[in-house]
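> Work out the full structure, taking the sequences as your base and the hints as a guide.
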Amino acid sequence: MSLLILMVLSCFCVVFLNKKDQVVAVINCFGVWSAFSLTYWGGSGVSWESLSELFCVDIYSSSLISLTLWVCGISIMVSSALVNLRGTFNLFWVLVTLLAFMLVQCFMVNTLAMFYVLFESTLVPMISIIGIWGGQFERVPSIQYIAAYTVGGSFPLLLVFTAMELHSGSSFMWFICSKMDFNWIFWTACFLGFLIKLPAYPFHTWLPKAHVQAPVGGSVILAGILLKLGGYGITRLMMLFSYTLESFGIFVIVLSLYGSVYGAVMCIRQSDVKKLIAFSSVSHMAFPVIGLFSCTEVGLVGAYIMLVSHGFISSGLFVLCGISSELVHSRKIKAMNEGVRAIPSLGFIWLVMIMANLGVPPCPVIISEVLSVVSAIALWPWVFVPLALYFVLSGVYSFSLYCQLTTSKVKHKTEVLFNEVTLKDMKAMYLLLYPLVEVLFKWDLWAMA
Amino acid sequence: MQLVSMLVFLTLSIMSSIVMMFVSSIFWVWVMIDISTLFMIPFLAAESRPKKSWFTGVGVYFVVQFIGSVSILFAMVIDWAFSTSVFCSYVMCLGFSLKLGLVPLHFWVSRSFAYFHYGGIFVVGAGQKVFVIACVPMFSDVPFCAYLFYGMAVGSMLYGPVAMFNSILVKSFLAYSSVNHTGFLVITSWFGLHLIYLYSFIYCVSMMFLTWMLWSGRCVLMKELGTDLPACYKTGFIATALSFSGFPPFLDFCTKYVVIQIAMEGRAFIAIFAVLASSLMNLIVWIWVTSLAASSGMISSLPPSSSLLSDIFNISCISWNLFSGMAFGMLY
Numbered sequence: 070m071s072l073l074i075l076m077v078l079s080c081f082c083v084v085f086l087n088k089k090d091q092v093v094a095v096i097n098c099f100g101v102w103s104a105f106s107l108t109y110w111g112g113s114g115v116s117w118e119s120l121s122e123l124f125c126v127d128i129y130s131s132s133l134i135s136l137t138l139w140v141c142g143i144s145i146m147v148s149s150a151l152v153n154l155r156g157t158f159n160l161f162w163v164l165v166t167l168l169a170f171m172l173v174q175c176f177m178v179n180t181l182a183m184f185y186v187l188f189e190s191t192l193v194p195m196i197s198i199i200g201i202w203g204g205q206f207e208r209v210p211s212i213q214y215i216a217a218y219t220v221g222g223s224f225p226l227l228l229v230f231t232a233m234e235l236h237s238g239s240s241f242m243w244f245i246c247s248k249m250d251f252n253w254i255f256w257t258a259c260f261l262g263f264l265i266k267l268p269a270y271p272f273h274t275w276l277p278k279a280h281v282q283a284p285v286g287g288s289v290i291l292a293g294i295l296l297k298l299g300g301y302g303i304t305r306l307m308m309l310f311s312y313t314l315e316s317f318g319i320f321v322i323v324l325s326l327y328g329s330v331y332g333a334v335m336c337i338r339q340s341d342v343k344k345l346i347a348f349s350s351v352s353h354m355a356f357p358v359i360g361l362f363s364c365t366e367v368g369l370v371g372a373y374i375m376l377v378s379h380g381f382i383s384s385g386l387f388v389l390c391g392i393s394s395e396l397v398h399s400r401k402i403k404a405m406n407e408g409v410r411a412i413p414s415l416g417f418i419w420l421v422m423i424m425a426n427l428g429v430p431p432c433p434v435i436i437s438e439v440l441s442v443v444s445a446i447a448l449w450p451w452v453f454v455p456l457a458l459y460f461v462l463s464g465v466y467s468f469s470l471y472c473q474l475t476t477s478k479v480k481h482k483t484e485v486l487f488n489e490v491t492l493k494d495m496k497a498m499y500l501l502l503y504p505l506v507e508v509l510f511k512w513d514l515w516a517m518a
Numbered sequence: 037m038q039l040v041s042m043l044v045f046l047t048l049s050i051m052s053s054i055v056m057m058f059v060s061s062i063f064w065v066w067v068m069i070d071i072s073t074l075f076m077i078p079f080l081a082a083e084s085r086p087k088k089s090w091f092t093g094v095g096v097y098f099v100v101q102f103i104g105s106v107s108i109l110f111a112m113v114i115d116w117a118f119s120t121s122v123f124c125s126y127v128m129c130l131g132f133s134l135k136l137g138l139v140p141l142h143f144w145v146s147r148s149f150a151y152f153h154y155g156g157i158f159v160v161g162a163g164q165k166v167f168v169i170a171c172v173p174m175f176s177d178v179p180f181c182a183y184l185f186y187g188m189a190v191g192s193m194l195y196g197p198v199a200m201f202n203s204i205l206v207k208s209f210l211a212y213s214s215v216n217h218t219g220f221l222v223i224t225s226w227f228g229l230h231l232i233y234l235y236s237f238i239y240c241v242s243m244m245f246l247t248w249m250l251w252s253g254r255c256v257l258m259k260e261l262g263t264d265l266p267a268c269y270k271t272g273f274i275a276t277a278l279s280f281s282g283f284p285p286f287l288d289f290c291t292k293y294v295v296i297q298i299a300m301e302g303r304a305f306i307a308i309f310a311v312l313a314s315s316l317m318n319l320i321v322w323i324w325v326t327s328l329a330a331s332s333g334m335i336s337s338l339p340p341s342s343s344l345l346s347d348i349f350n351i352s353c354i355s356w357n358l359f360s361g362m363a364f365g366m367l368y
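Residue numbers (the working numbering), protein chains in the order written: chain A, 70 to 518; chain B, 37 to 368.
By construction, these hints were calculated from the structure, which means they are not laboratory data.
In this text the structure is predicted, and so the values were computed from the model without any measurement.
Be aware that a few hints might be false.
Restraint-style ranges between C-beta atoms, simulated for each label pair [unchecked claim]:
hint: 1; chain 1: B; residue 1: V40; chain 2: A; residue 2: D90; range: 41 to 49 Å
hint: 2; chain 1: A; residue 1: S311; chain 2: B; residue 2: T263; range: 53 to 61 Å
hint: 3; chain 1: B; residue 1: G187; chain 2: A; residue 2: W449; range: 43 to 51 Å
hint: 4; chain 1: A; residue 1: N97; chain 2: B; residue 2: S331; range: 30 to 38 Å
Glycine is no exception: its CB is placed at the ideal position from the N, C-alpha and C atoms.
Right under this line is the structure:
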């Protein structure tokens, strides 16, 4: 509650500033809120914020709250190019702040009903951002597809918590472990909406459409934090309904293993950088699914390391994609080649982010992948075969991307528009790399004491 | 003068409808329904600049309502003469379905609405229906009629959004929206009249905002909604459209959630399916409408400046759609 009050009061103060100063003020506010949210981190058990009647916060919530505030601040920072596009930029930061507010509440509420309402409400600012600042004419059908897919997929969850409220009078989801035995239909109803949100294979088709249509700031938020809602929801429902290793979970793990390889193969074939990063997200999100549904502590820790790290890394990749595409006004890898080679530091940062995405040590993604592999092998040893194939394929598409961006084989010279990129965009990159170091040194935070 | 006469006839129609709520005999219900319809005709026919086809919509509306009333009267006579006959229930069910415009007897709704003024669309599409639905008998003696009636309601809920998506005219769009919501009201009547009254009030207020905004822009074609809609009402219109989409925490989500909750309590799984499927289709349709409304240039200032009354209306519309849902949820 204290964080929410701080957010509301800060926004109220920002309203009285000069319009030009409001953007900088909001970015600074996000920094302050992120710092404040770090006080919620306290290891196992609930934090001091849980004294409130409405909210309950533990390490899983607090890590995602900090990620939310950090990523949303970055998305406003990198959207400076939108000043030249249609509409008013003030509307953009208002929508992003509103989205951050809803997301923070979503990670803090202690009833499933309120969680569902906020989970669905986050779609409204997101599709508004895509609809207003999206690049292409096809954004409206894409918005319809995204909204219908995610809302439709979460209807079974609506029925679950409605039934819960009818039978037990409340959908309070903390400190309760259900002792009932549930069948696969129930688990499907519980987890389908979150698997779509993650997105887990085969419910991933909305993500590439969304990223292609969204502006840079929208993609940063979508990849950085909105997808993590799915992982968080799965965690809470597993705790609430005492999920153990079920046939449903094994089926989901099998699909995710296939999805990780599928995503990597699709990445190799992409010429659009945004689609490549989107499919990379699909294959990376297989690891939290495997970790969570394996019902091991190791898997849970690996899942959350991946969720938090991927939030920063994919945001960084989209920021880089935004910077590079603004230089040459194209999202094609071959067209970006000129821009990347014209700015060597950009090429270096691309290398760092691609390596981080690949999971090269010391990036925390490698810890997550190792722990997820351990949890998967605990189920069945031969699981390492598709995972090994995934590691090889992810190396292939990562190096392919880097080589296409930096080697000079382009026959037609593209004009590089240096004035389209500002120093603010590059600063955003550094601000995304720093938290990865924090995650690296605190990777055991999600382990239960 | 014309406005005064419109108001007089509208008031008489509303009074007849209110009296209808308090009578106990089906005969007097029928009388009051017909009186209400008759008083509605001059109100619907009033136009400041009458076009050649002014009578088309009103004529279709009157003929259909007349056929429906005749069916109900015929059913009553059959019931008086042959009290054991079930034929009267079928005819009465047909009569009420025709008057309400439930699928597949909805053919007249779009044809009429295309020629009504926006005030007429609001009264016929939102206001009048609740009185008729509240008076429909339960058909407990012939369960097949009850299943048929509610089956038509389910069909209306599923068909309405599909037809809305294919509408070219704004008034046709509102007609099929009315068909959709009529189906929802009939489904809701299964669970209790108090819920109908509550939802009808909510729906009437939302439609009042919507029809006022469309009327002020003289909107005709769906594809020109972005240019026709006044800039000062765009945010209110978008709030209304998002509410009708079914996004939480907007109003329409809260009302549908209450109905789903009651339906789950009564194990009415078909009703739950109908509400969810209709909501999903409405989501797709109203996102399309929102994109049309926001299509012609962005709002240059937030909020756009206009007259004080327009600003108050706009803010009231946004507040109604955003906050009333929570109030409704707490009340219920």
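> Does each hint fit the structure? Answer for all of them.
Checked hints:
1. B:V40 with A:D90: 41 to 49 Å: Given range 41 to 49 Å: violated, Cβ gap about 54 Å.
2. A:S311 with B:T263: 53 to 61 Å: Holds - the Cβ-Cβ distance for A:S311 and B:T263, about 57 Å, lies within 53 to 61 Å.
3. B:G187 with A:W449: 43 to 51 Å: holds (49 Å)
4. A:N97 with B:S331: 30 to 38 Å: Once the Cβ atoms are compared, 35 Å apart, the range 30 to 38 Å for B:S331 and A:N97 holds.
Checked against the numbered hints given earlier, the structure breaks only hint 1 and satisfies all the rest.
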